[in-house]
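**Q** For reference, the chains in residue letters:
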Amino acid sequence: MSTARNPPLRHGFRPQTEVPGDIGDSMISLISRLYPMNRSITGDGVRETLRTLTNYIDLRIHEVASGTKVFDWEIPREWNIRGAYIEDSHGNRVVDFDDHNLHVVGYSTPVNQTMSLEELRPRLHSLADKPDWIPYRTSYYNDDWGFCLAHKTLSAMDDGQYKVVIDSTLTDGSLTYGDLLLPGAITDEVIIFAHTCHPSLCNDNLSGISLAVHLAAELAKHKTHYSYRFIFAPATIGSITWLAQNEDNLKRITGGLVLSVIGDDGPLVYKQSRRSDSEMDKAAEYVLNTHFPDSRIEPFSPWGYDERQFCSPGINLPVGRLTRTPHGEYPQYHTSADDLSIINAKSLGNSLLAVWQILGLIENNLSYINTQPFGEPQLGRRGLYRKLGGYQDVADRQLAMLWILNQSDGTNSILEIAKKADMPFDLIRSVADDLVGAALLRPADTLIDKSENDQSGGERQ
Amino acid sequence: MSTARNPPLRHGFRPQTEVPGDIGDSMISLISRLYPMNRSITGDGVRETLRTLTNYIDLRIHEVASGTKVFDWEIPREWNIRGAYIEDSHGNRVVDFDDHNLHVVGYSTPVNQTMSLEELRPRLHSLADKPDWIPYRTSYYNDDWGFCLAHKTLSAMDDGQYKVVIDSTLTDGSLTYGDLLLPGAITDEVIIFAHTCHPSLCNDNLSGISLAVHLAAELAKHKTHYSYRFIFAPATIGSITWLAQNEDNLKRITGGLVLSVIGDDGPLVYKQSRRSDSEMDKAAEYVLNTHFPDSRIEPFSPWGYDERQFCSPGINLPVGRLTRTPHGEYPQYHTSADDLSIINAKSLGNSLLAVWQILGLIENNLSYINTQPFGEPQLGRRGLYRKLGGYQDVADRQLAMLWILNQSDGTNSILEIAKKADMPFDLIRSVADDLVGAALLRPADTLIDKSENDQSGGERQ
Amino acid sequence: MSTARNPPLRHGFRPQTEVPGDIGDSMISLISRLYPMNRSITGDGVRETLRTLTNYIDLRIHEVASGTKVFDWEIPREWNIRGAYIEDSHGNRVVDFDDHNLHVVGYSTPVNQTMSLEELRPRLHSLADKPDWIPYRTSYYNDDWGFCLAHKTLSAMDDGQYKVVIDSTLTDGSLTYGDLLLPGAITDEVIIFAHTCHPSLCNDNLSGISLAVHLAAELAKHKTHYSYRFIFAPATIGSITWLAQNEDNLKRITGGLVLSVIGDDGPLVYKQSRRSDSEMDKAAEYVLNTHFPDSRIEPFSPWGYDERQFCSPGINLPVGRLTRTPHGEYPQYHTSADDLSIINAKSLGNSLLAVWQILGLIENNLSYINTQPFGEPQLGRRGLYRKLGGYQDVADRQLAMLWILNQSDGTNSILEIAKKADMPFDLIRSVADDLVGAALLRPADTLIDKSENDQSGGERQ
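Read top to bottom, the protein sequences are chains A, B and C.
In terms of the numbering used here, the first sequence opens at residue 1 and continues consecutively.
In terms of the numbering used here, the second sequence opens at residue 1 and continues consecutively.
In terms of the numbering used here, the third sequence opens at residue 1 and continues consecutively.
Because the hints were derived from the structure by calculation, they are not lab data.
Check the hints yourself; a few may be wrong.
Same chains, same label: a pair holds when it works inside one copy or across any pair of copies.
[To be verified] Heads up, simulated SDA-like pairs for lysine to any residue below, C-alpha to C-alpha not over 25 Å straight-line:
(1) LYS420 to TYR286
(2) LYS163 to ARG47
(3) LYS221 to PRO183
(4) LYS419 to ILE297
(5) LYS251 to LEU182
(6) LYS419 to PRO326
(7) LYS69 to GLY383
(8) LYS251 to GLN372
(9) LYS346 to PHE300
(10) LYS223 to GLU48
(11) LYS419 to PRO299
(12) LYS420 to LEU379
Treat the numbers as computed from the prediction; the structure is a model and nothing was measured.
Just need the whole structure built from these sequences, with the hints factored in.
**A** Set out below in structure tokens:
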């Protein structure tokens, strides 16, 4: 279906309208498996997480040594923890890391001492208005330690002495991330990013990890036009590390999505890239506006997840973000209540469908050149037009044909024509295939794709 | 009034606000005369039509031989018809071409045979919901034949045998079209197109033909800045033929109008050219919005009349379309009910007035250079300003003067200044004349006109 | 705080939010002192006015000789007047210039004759609908004479003979204007213009003169980035004269304001410059929209005060106009009722505050370059970020920091970032200082300023 000069027709990647019924369940199953692991920006919990993903996809795992410079940052020491507790004077463990990964402030330095509640209190984090929930806190770049606990637990602690133990290590080691390249017909890449640094929290971001894994597994079965790169890395330092290590190849990235908090009941929210009008932005907006009625589009802002790094001014990639209820807008965010109860298989399945449709649109959004641009071509002679003239009505398909022929001067994509004609993208795309078959259209972006990829051809052969 | 370097002032083409009372009647009279002739995309009916027009204007008639290649098309064989009928077994002519030109499907191949109603029925076209009306059907590029008849006639036909005769010829001949050039001060052309291929149908498009003829006759009495070219040709194949035969000179076309279905009671509708913001588009929008309150502007679409060809991507001329109720939006469209009863002299007269005003605006829409652009020029010294200062009010004319002087840096046309100042175009235009007279303005587009016409100077001398 | 290469930080010119309580009173006091002087476009009244201003600011006074060519104009003869009256046959002075400067049409030629009321009447100007008010009339460029008087006075005059005396002179002399340059760190100038030609009228334009004088006195106490030039000159011929005499240096003008009718109770009105989107326009719009709720923005039009000259097409400077109730929109405009009773200290003080804030915004509206644009810089390491991660809220100041870093690619000014982030200008500006201090930002316009000023460096040394 593909030739040396023309990009292949992308029949393999037609947008689907339904998601397989069991894929949401499979996503939940992976999330359940990953939930107990203690992730952070480094450490064995991340390694175990990525190793688990290799059961689904052919992930390549990278280790970047502590002390490595990545842009303005430096890979920190690796943190691991074996246990931690607060024991009261009666030998009762009031707080125990074995009960919940969130009990210890991430990156806590080792501790083993006895102290009064008064001394200890500044190290204890709880939520007065949510007395049952354990908050999530970290202290990555500042040597510190602390515990997080339910406020009702804190309230019940008396003024005595407490034995405080954190059996952690902060040592030269490495930061671990995984990636996967699914080569397409061209080396231009679409990237999918999910952060891997959050411990036992489900929506943020086991939902994003699980969606990305299932998407990659599904995409691997198809021939695609673009290449797809999946990145599983810790937030901030992980995306910065990946960007720094792939700086020379960033120019091949034509779009991307950061996936997070995407398993709850809320409607889908697409946050625009810093560029705001890239093809990724237009595709996501079209799909959400057309097929997901309660969804909404948010302008770019420099607060959020790893889109902040992909959209930093020196990088400025067309990478948007797809979530359901954004971080900070649901009460369970960054607490122990972000557990399996707030996500569900149906939401996850529909989120995957939305991503699939967005990518499908990008795959299929060619621009064409009308090969007979002087007047209308004679469609009847080619069997493309009704034979008996004079009827009062025009079939949609024939009107779509006229729209494509009229607009195909190389400057208008299928998506732009669909919007102008107020006709469905898939109809315009399908009619364009007929016209290519009749040699009345040829793809306009062949040479553009080629030239854009000249510098980046090394990696793919 | 004109000099070698400057375009002439266009006093000869002031927009009128009233149309002569009898011009609408004259348009009806021409339509009545043309109505009985059997037009198609070729044939003697077209020749007779164009010959009739030469009584009004100095039309040049062109014949293009069958088989001539025109872009993606080829001039078809010429079709002529002497008679046609369906005769029942009792010798009654149930359908007779002599009664109405629409009775035969256009371009029907010759037939002479006897057949049952059952065999005949697929060849019979009627409108079940309009039992008295004969539909209009053609089969130009596919050898076929058929009859069109009132549904009540069809319903009355019994199951017997019918003698079916179409005495037509399809032979190598030619396609006939007419054109007329009214030279102006410059060779840049405005084109007016009306299609000539419809048989006994009044609004579509004897109204357009008659309006164009009367406009040409009136314009011929005036000196104009632009040259005007009127084209009377069959739809689609006719405009494509004209474009193919004039390909080298298309660059001189600065605007145009396709005129059709313009004699009914409906409000005026201007359909934008593919460019949508050309001077023709702006002029038509301004005139309709300002002077024709119920009129409306429609965006370009690739469905309609010959604007489809002028606005094909390889041609892309700023040619819009002026109609009243557009094709397909009135029930009589493409039926025998599109007769003299649905058009009237007043609508035709007002349509002509609208075109006249649009052309008048384009003729007068110069851009100027303020010759004293540093501060305001001293208007009082030139007798252009009230002598006693300090009044609280400013006369419209003086305010218009300030607007023109301020905006005339060569980038703003009279129309743009009129919009910005929210003052009538004619006032701004008239005040500009005063300022040119006082040497405070000079036309900005002199050299632009010249350079645009360098390649096209051959035709006019 | 400043270096050789970088523009200084502008702490000296922080926008104020309150105006000193007595500055409005001081403005009224100056207006009261200037009110009795008989100003015109030339003459001793103007000289006395400017001399008075030198008590407040270090004004440089210029005399331009009659007959000097200034663009399309010529400096007129100088007009002075010692007295004028109309005396009835009983020796009663019905109208006496000693009673009110407005009684004589400006630039009246000398007269000394006796005439009937009938002969005199065409020379008498009054307002029938405002019988107590004396209108203001001039006849600068047309030798003429006349009197202005209350309509009730006119009505009481009987038909007898009147002795009419105007003891004026029209002789070769000069036009007088004043200007003041307050040098800043760079030679780019912001100009402030107030017209000086109106005799005993308070709002138009002693209010503008007094505001400009007090602004200059206050500005002189501060170090500024831009240089500020104050111009006090007659309307029209004065601004034209100044432009003609400073033609070579106009390129250094980056913005300006014409100040007039700015002391009444009406809300502030900013009229855009002809460019409409200059930095001056954006600054004025932001300040008025943000801090002056009833204010409004008007588009440019070529009718008004001296912005007409600064915005003529050959000059086209980004000079807007700040007024309260614009000329012609209050009934007392250009009559004797435009006296001290329609202005007040509070309005004047707030007008000064608005100008101060607009200039403060321009002074502080730098664009920056993020020096660590690849990913976010590590703020924590620099003490710019909270140390303990994971909180649900983000402090405004930290969010502002992310906005500035993200947008600072040199194309976005503080004002643009403030609008995009929907955060206060002053917050963004202040946080930018912190980031400059941390070497994460550097000003983007250093070299731009330098190159723009290459030709204009002579004046300042």
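**Q** Could you run down the list of hints and mark each one as holding or not?
**A** The hints, checked one at a time:
1. LYS420 to TYR286: both (13 Å within a copy, 24 Å between copies)
2. LYS163 to ARG47: Neither: 31 Å inside a copy, 89 Å across copies.
3. LYS221 to PRO183: within (12 Å within a copy, 67 Å between copies)
4. LYS419 to ILE297: Both. Shortest intra-copy (17 Å) and inter-copy (19 Å) distances satisfy the 25 Å Cα cut-off.
5. LYS251 to LEU182: within (17 Å within a copy, 49 Å between copies)
6. LYS419 to PRO326: This pair counts as between: shortest inter-copy Cα distance 23 Å, intra-copy 28 Å.
7. LYS69 to GLY383: Classified as between; 19 Å across copies, 63 Å inside a copy.
8. LYS251 to GLN372: Classified as between: cross-chain Cα gap 19 Å, same-chain 34 Å, threshold 25 Å.
9. LYS346 to PHE300: Neither: 28 Å inside a copy, 43 Å across copies.
10. LYS223 to GLU48: neither (30 Å within a copy, 61 Å between copies)
11. LYS419 to PRO299: both (21 Å within a copy, 13 Å between copies)
12. LYS420 to LEU379: Within one copy only: 22 Å inside, 45 Å across.
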